[in-house]
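Spelled out, the chains give:
Protein chains: 2
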Amino acid sequence: MPQKVRIALDAMGGDHGPSVVVPGAALALAQHPDSTFILFGDQGRIGPLLAAHPRLKAACRLVHTDVAVRMDDKPSQALRNGRWKSSMWLAIDAVKKGEADVAVSAGNTGALMAMAKFNLRMLSGIERPAIAALWPTMKGTCIVLDLGASIGADAEQLVDMAVMGSAMARVLHQIDRPSVGLLNIGVEEVKGLEAVREAGRILRENPLPHIDYIGFVEGDDIGRGKADVVVTEGFAGNIALKTAEGTARQFADYLRGAISQSIWSKIGYLLARPAFRMLRDKMDPNKSNGGVFLGLNGVVIKSHGGTDSEGFAAAIDVGYNMVHYELLAKIGETIHRHAGVSAADRAIGGAVS
Amino acid sequence: MPQKVRIALDAMGGDHGPSVVVPGAALALAQHPDSTFILFGDQGRIGPLLAAHPRLKAACRLVHTDVAVRMDDKPSQALRNGRWKSSMWLAIDAVKKGEADVAVSAGNTGALMAMAKFNLRMLSGIERPAIAALWPTMKGTCIVLDLGASIGADAEQLVDMAVMGSAMARVLHQIDRPSVGLLNIGVEEVKGLEAVREAGRILRENPLPHIDYIGFVEGDDIGRGKADVVVTEGFAGNIALKTAEGTARQFADYLRGAISQSIWSKIGYLLARPAFRMLRDKMDPNKSNGGVFLGLNGVVIKSHGGTDSEGFAAAIDVGYNMVHYELLAKIGETIHRHAGVSAADRAIGGAVS
Chain A
1 MPQKVRIALD AMGGDHGPSV VVPGAALALA QHPDSTFILF GDQGRIGPLL AAHPRLKAAC
61 RLVHTDVAVR MDDKPSQALR NGRWKSSMWL AIDAVKKGEA DVAVSAGNTG ALMAMAKFNL
121 RMLSGIERPA IAALWPTMKG TCIVLDLGAS IGADAEQLVD MAVMGSAMAR VLHQIDRPSV
181 GLLNIGVEEV KGLEAVREAG RILRENPLPH IDYIGFVEGD DIGRGKADVV VTEGFAGNIA
241 LKTAEGTARQ FADYLRGAIS QSIWSKIGYL LARPAFRMLR DKMDPNKSNG GVFLGLNGVV
301 IKSHGGTDSE GFAAAIDVGY NMVHYELLAK IGETIHRHAG VSAADRAIGG AVS
Chain B
1 MPQKVRIALD AMGGDHGPSV VVPGAALALA QHPDSTFILF GDQGRIGPLL AAHPRLKAAC
61 RLVHTDVAVR MDDKPSQALR NGRWKSSMWL AIDAVKKGEA DVAVSAGNTG ALMAMAKFNL
121 RMLSGIERPA IAALWPTMKG TCIVLDLGAS IGADAEQLVD MAVMGSAMAR VLHQIDRPSV
181 GLLNIGVEEV KGLEAVREAG RILRENPLPH IDYIGFVEGD DIGRGKADVV VTEGFAGNIA
241 LKTAEGTARQ FADYLRGAIS QSIWSKIGYL LARPAFRMLR DKMDPNKSNG GVFLGLNGVV
301 IKSHGGTDSE GFAAAIDVGY NMVHYELLAK IGETIHRHAG VSAADRAIGG AVS
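Here the protein sequences come in this chain order: A and B.
Counting in the working numbering, the first sequence runs from 1 upward without gaps.
Counting in the working numbering, the second sequence runs from 1 upward without gaps.
Since the hints were made in silico from the structure, they are not lab data.
Keep in mind that this is a model prediction, so the values were computed, not measured.
Misleading hints may appear alongside valid ones.
It does not matter which identical chain is used: a pair holds within one copy or between any two.
[Stated by the list, open to error] Derived lysine-lysine pairs resembling DSSO-like cross-links, with alpha carbons at most 27 Å apart:
| id | residue 1 | residue 2 |
| --- | --- | --- |
| 1 | Lys226 | Lys74 |
| 2 | Lys139 | Lys266 |
| 3 | Lys226 | Lys57 |
| 4 | Lys74 | Lys266 |
Excised from the complex, chain A in its bound form:
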């Protein structure tokens, strides 16, 4: 376990840049006093904000750069204009150079993933990265991946995701053997994607020490908390996530509309306000803010672009835990075993066919 967790921040990322990142870092430091920070970005904007947070100022180093990746830059543009010098690149590069343990950015997802892949490269044994997120459920929180790093996945790639997701659940939720479900559809006639069924077969027939494979789960099982980890390819995963966010927003909107219908419902709302505050907290995407890039040689956390300082602190918190509980080592541990299983499995397949 590292002595201190060293956190590199892209201070210019997100819709609000340093005005959210700096107070967010201050909140995270209060929560984890054993953290140190490196902030990358515009000194002229960051300096005055740091002055208001003397404890953070003492625990951080500020590295100036003029270049920032814009929220609407395409990954190729971002790489062309921002490589070697943007605040986003430098934060990732600090992880690469071993100066930081984790990089956190609220900048644009495509650019962050492109830079992280380009600079950090893949973990040995993993073919390609995945984006994982925390999903509030009726029982607590589950981990869902992939949320859009790649489109489509073969059976081995789905199994890799099960391995990475379960390592993340061990680290964040301290579950030794997380339950893992493969997202599928329940209509009987179409029996689900071939790759999903094949991944299910591999997971069922080759039990891994840190994976409790529970079979297929459907879209409504995610929120029900049926599995600690839900695995799917990036197209369906992204659509599931966005649809759930949209539905939650829709519900909140209806609720607001319903309450403003009459004076009685407004009074009722005032009386029930603490309850509504609890509800908002439960459904607030900020509370489980932080997409985690898995499969890379380093930990990179993507915060929502439009988040506030509390949300950014939550993303840092995820990064802190990843490092503190040694995510990469835990992925490596299972990948290693899985590689053995999988090679054997392939050999059997080869012998039979």
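Guided by the hints, dock chain B onto chain A, whose structure is given.
Frame of chain A, contents of chain B only:
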């Protein structure tokens, strides 16, 4: 426009069978007095229920059968045991024989689709069926398809779905040129499925008279009401639908939990009760109950298995409108034009390559 709409009902389908179907039909008749019904199922169970609804009894014919498809029958089992004789088969067969204009069943989706395909066959110009549903949005209701009839889709199949979905929107929502969006993911780095992009190109370059193609939409745009029709392949569509249902249920659950926290929030709830009733109505899947099987030589409506009589009446209402406003003719009309466009399009592709 047909004189009367003749509706065939699988009276044994769903979790509750005749005890929901019969009162549901009575409600539907009250709404559309120009309907007649044929009920297929167990006379011993249906007869006494009909006695309580004399108006329905006068407007319906009861055809006895002992055989019912079970909710957990596989499509192959259902076909083997239920063909020619089950209440589900007979309801579809009434449409095939021209004795009814539409069949409605709350029975299992896979079996219903298998029987409908086997018996009714595909509409000329359509390769395979799709399941469409009504989705409540912030602006009203949109149509989403495919919700799981098939997994995966090529560009032409997605365009077919755009045609069928827009015909359904014309029929149900009286929009002459519905806006149509293709469901895609917004992460820049991965630019979306090849088939989705190709379908977008076809729809953009070959404008169809009854389709206002608005481009790609994301998961959260569905509930936002960005498009009148959202098109996707069945795997992602089914996962989106189930995830949205799960999230709505989760929200309602949180709300209940929040309200029961204190005496004040309970009093608040009582005062705001009409508002909550409105909210429940908005989010109630029963209110937009009725999956529509599109692409077949006949109209078949699948109601939720666990629905109540009000929900079953809503499914009948969807079927009624489909017939009353001549869905099949409207699909045929656009398919016809689309086939012309598409052949030209293929020819151009052929000439260039």
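_lysine 226 and lysine 74: within-copy, between-copy, both or neither at 27 Å Cα_ = Only across copies: lysine 226 and lysine 74 sit 24 Å apart there, 37 Å inside one copy, limit 27 Å.
_At most 27 Å between alpha carbons: which applies to lysine 139 and lysine 266, within, between, both or neither?_
between (31 Å within a copy, 23 Å between copies)
*Are the CA atoms of lysine 226 and lysine 57 at most 27 Å apart within a copy, between copies, both, or neither?*
Cα proximity of lysine 226 and lysine 57: none, with 43 Å in one copy and 45 Å across.
*With identical chains treated as interchangeable, where does the CA-CA distance between lysine 74 and lysine 266 reach 27 Å or less: within a copy, between copies, both, or neither?*
neither (46 Å within a copy, 50 Å between copies)
Consistency with the previously given hints fails for numbers 3 and 4, ordered from lowest to highest.
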